[in-house]
Amino acid sequence: MNPELKFTDVAAELYAPQKRKDDLKGFEYTYRAEITSIYPLTEMETLYRIQVVDPEERRRFAFTPGQFLMLEMPGIGEAPFSISSSPSIHGEVELCIRKVGNLTNFLPRVKRGTHVGIRGPFGTGFPMQNMHGQNVLLIAGGLGLVPLRSPIAYVMENRSHFRDVNIIYGTKNPSQLLFTYQYEIWRKDDIDIEIIVEKADKSWKGPSGLITDPLEDILSGRDSEYYHNTYAIVCGPPVMFKFVCNMLNEFHIPMQKMFVSLERRMHCGMGKCCRCNVGSTYTCLTGPVFDYWTVMNLKEAI
Amino acid sequence: MEAGETGTRTYLGVPLYRPRVAFFEFSSCEGCQLQILNNESTLLDFLSLVDVVNFREAMTGGSDDYEIAFVEGSITRDDEVKRLKKIRKKAKTLVALGSCACFGGVNQLKNRFKDINKAKKEVYGRHPIDSEPVRTLEDIVKVDLKIYGCPVKKEEVEKIALHIAIGKSIVFPKYPVCMECKRNENICLFELGEPCLGPVTRAGCDSWCPNSRAGCWGCRGPADEPNMEQMKKIMEEYGFSEETIMDRLECFGGFSSLMGKGNTK
Amino acid sequence: MIFRTFEKQELKKLFEILAAHNRIIGPVETGRDRDGRPVYAFADVTDYDDVELKYSITKLPAKRFFLPFKEDLSTFRIENDTWQKEISYNVDRPLIFFGLHPCDINALNKLDKVLLHSVYPMPYYAAKRENMFIVGMDCIPQPYCFCRSMGSDTALHGFDMFITDLGSRYFVEILSNTAFNFLKNIKTSEPGEDDHVLYMKVVAKRNNEFTRHVDTTDLTKILDMEFQSEVWKEWGDKCLSCGTCSSVCPTCYCYGVDETVDIDLKGARKTKMLHSCNLIDFAEVAGGHNFRPGRENRLKYRYYHKHRGFVEAFEESLCVGCGRCGESCLADITVPEVIDSIRGSGRNK
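From first to last, the protein sequence lines are chains A, B and C.
Under this note's numbering, the residue at position 179 of the first sequence is numbered 179, and the numbers go up by one with no gaps.
Just so we're on the same page, this note's numbering is the position in the second sequence counted from 1, plus 302.
Just so we're on the same page, this note's numbering is the position in the third sequence counted from 1, plus 567.
It should be emphasised that the hints constitute simulated quantities derived from the structure, not laboratory data.
Beta carbons are placed, not taken as given, at the ideal position from N, Cα and C, and that holds for glycine.
Take these hints with a grain of salt, some might be off.
To be verified - Rough simulated footprint, nothing fancy, chain C against chain A, three-plus residues with beta-carbon under 8 Å:
{"id": "1", "region": "26 to 35"}
{"id": "2", "region": "75 to 89"}
{"id": "3", "region": "250 to 257"}
{"id": "4", "region": "267 to 276"}
What the hints assert, rightly or not - Interface residues of chain C toward chain B, partial, derived using beta-carbon atoms under 8 Å:
{"id": "5", "residue": "Gly598"}
{"id": "6", "residue": "Val606"}
{"id": "7", "residue": "Tyr607"}
{"id": "8", "residue": "Lys626"}
{"id": "9", "residue": "Ile645"}
{"id": "10", "residue": "Asp648"}
{"id": "11", "residue": "Trp650"}
{"id": "12", "residue": "Cys806"}
{"id": "13", "residue": "Ser808"}
{"id": "14", "residue": "Gly810"}
{"id": "15", "residue": "Ser814"}
{"id": "16", "residue": "Ser843"}
{"id": "17", "residue": "Leu846"}
{"id": "18", "residue": "Asp848"}
{"id": "19", "residue": "Val852"}
{"id": "20", "residue": "Ser895"}
The shape of chain A in the complex, shown without the other chains:
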């Protein structure tokens, strides 16, 4: 008997082109993607349009609103970003990125046409189809409008499937408002939109205060039929969604119809590195989109 062990080459099929969740070669596989447009939104945020290069891969790259992807710039960094565009366009995404780290400070300096790597899409999304025939409240604070833009796009494209749709969006000051050029278009699609800032400046004509102010106005004029048939999507900093969700709860919006998107540190997106764990739940697998019942059961979520 030959006592020499045989080597099993797990990497042999590494570069074969298919990809599934249980597929070993999918783990570190990146789609090569091209930055096709770079559009500065504010001093801190830039909107990037990114397209998968290979036509076959582009056709297959699909996501649901609320999901995120990992964007990699070789040698500079890799980080998670929520997808901020319509799910009906395959192989192309819009990412709105704030300058906070190595990768996000490097990106504004690259030229159009630069290739990046993307992995994903990862995580859970908002159950848009379950919301058909229902009212929808889309509530965002600060950068929270970024992940919300994908469900907004879905709602616009399928407007007839929804009843009343309200967007409520607040930032600290007017200069931080994102996608200002889109508000009118949203309104024209029969979407009610309330914008509020915490600290108004001279140029600001709209209301100022907390995001819960317009929310309370909207909710207090409604009846229980509305409350029971309303979905809410809440994105923003933890303090904001704590107050917003408490208010939605007071008005008896069903907990399983309230959705939040959590932000955590992530290094893999696939339930391995553990950096995103909330209590002992992987934000990247079970989230980032959670219903409020789940959030209530998570330690250290809010």
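Position chains B and C against the provided structure of chain A, taking the given hints into account.
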């Protein structure tokens, strides 16, 4: 290629920044500068990232036209104060290179003496020199970046030059040396009966000393939010005297701001 | 399961035959501590006499051979302002692990659950795991082992063969046909009834030697109930946040990823480094917000992940009770004491 010129070299399409840099030394052994020259295999790559216009240990002559000044050593004399201020005026960015520049280094041990003249007499005898209590660079001028270590780790300096070139931020490990020491599979120094400051000292040295079975002396200063109180308890439990503990903590000056404070958080 | 017995000198023969063709990792003595006790580690062995089969426990587990502290997930060739990604799973040959104790074998079984048998299996681990041949070895219970409380004192699977010392000769359980065929190279015999009796006696004696125990009954619930307990603060005050417990843990797999550019700008790499949930920056996000700013938050999370989250996901805890973390912790934070204190904290209120 001239300094600051960005025409030719790029990384993924983004032009590199090639700064004019100068190296200076004050009271020190100049060992940190020597470290930088120490590894021939990457020296040319390093020099291609920066335009060295003044480096006494490596070149003759020198220019006063620089953007980044790497300054080694602590300040012990009045003329050094003047010279440092002059460098600060010229440099856009002033980098404290090594533990002497950051914390005072071994030099600052003399600050322990109540009467500095006694120390001077002991060391220099009948040839007295001008020597005042040791100060760090930061005691005198604004410091933009500190590179810790006695000596600095060459790989770390190279990485910093690279990050300046491509525009990545410069970050140091926030955790203590133990993490690197375990990665290197060393036997814990306490287990061997040696005192060690690894649990509270900033990592980044790749546990240089423990790799040679020598306990850490804390040359890189404290990690983020070190548990000083527990460190002292451990030293006592393992039978090390107050003096042994203080000798280590005071050796490079990095812990002086935490002395007697116990827990920082 | 197939059993065999063989004379003790036959083991050396087996080792030498295997060593002639394969890389073998085994327990060796790497030094003596301040009390003169031997310190053991897993290392490459070529000489049977270097293998310390009666070792107590190694300071670090064999983790670095299948979950290295540092490994490149990918490298990039940078040319003409664009890149080519290259992936290697960083393994090119099988490894034989000679003399793993049940705790370390069970640690592998636990890691398999999350790294192999869940969504997104990790190929870097799979490629190494696929190429392991494990010779298990029975152990002598140590005062800090609480493996029996964690159900990890015996290994039921996850090895190729497992050797128990019957005193006069070895008793071996054979789990793989590779092992069965390897054993054809030495003289073995079918165990008789007297061997069975002797085996049971040896095992019973060992079972009585475990002295450290921890009560894990209802622990998942208790951890939830005592989430705000003051006890965590007390342990947090002691914790050095040095990460040693994770580094010496045979089941800790959390990591961070770092991207670096080579100094010649011709290449870049994406490097995975094992991290520890006790390190200060574990849950810090870009922009600076830290979701676990305090030492006690991080220490609590470690227990939460191991003794609650993993149980929720896989019906067992992510701890084999080897006791390495407590032994290596300079602040004397041990798992049995922490769990006891959490169980007790309700009573003290």
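Consistency of the hints with the structure:
{"no.": "1", "hint": "26 to 35", "result": "holds (count 4)"}
{"no.": "2", "hint": "75 to 89", "result": "holds (count 5)"}
{"no.": "3", "hint": "250 to 257", "result": "violated (count 0)"}
{"no.": "4", "hint": "267 to 276", "result": "holds (count 8)"}
{"no.": "5", "hint": "Gly598", "result": "5 Å, holds"}
{"no.": "6", "hint": "Val606", "result": "5 Å, holds"}
{"no.": "7", "hint": "Tyr607", "result": "10 Å, violated"}
{"no.": "8", "hint": "Lys626", "result": "7 Å, holds"}
{"no.": "9", "hint": "Ile645", "result": "7 Å, holds"}
{"no.": "10", "hint": "Asp648", "result": "4 Å, holds"}
{"no.": "11", "hint": "Trp650", "result": "7 Å, holds"}
{"no.": "12", "hint": "Cys806", "result": "7 Å, holds"}
{"no.": "13", "hint": "Ser808", "result": "7 Å, holds"}
{"no.": "14", "hint": "Gly810", "result": "4 Å, holds"}
{"no.": "15", "hint": "Ser814", "result": "4 Å, holds"}
{"no.": "16", "hint": "Ser843", "result": "7 Å, holds"}
{"no.": "17", "hint": "Leu846", "result": "4 Å, holds"}
{"no.": "18", "hint": "Asp848", "result": "5 Å, holds"}
{"no.": "19", "hint": "Val852", "result": "14 Å, violated"}
{"no.": "20", "hint": "Ser895", "result": "7 Å, holds"}
Of the numbered hints given earlier, the model fails hints 3, 7 and 19; all others are met.
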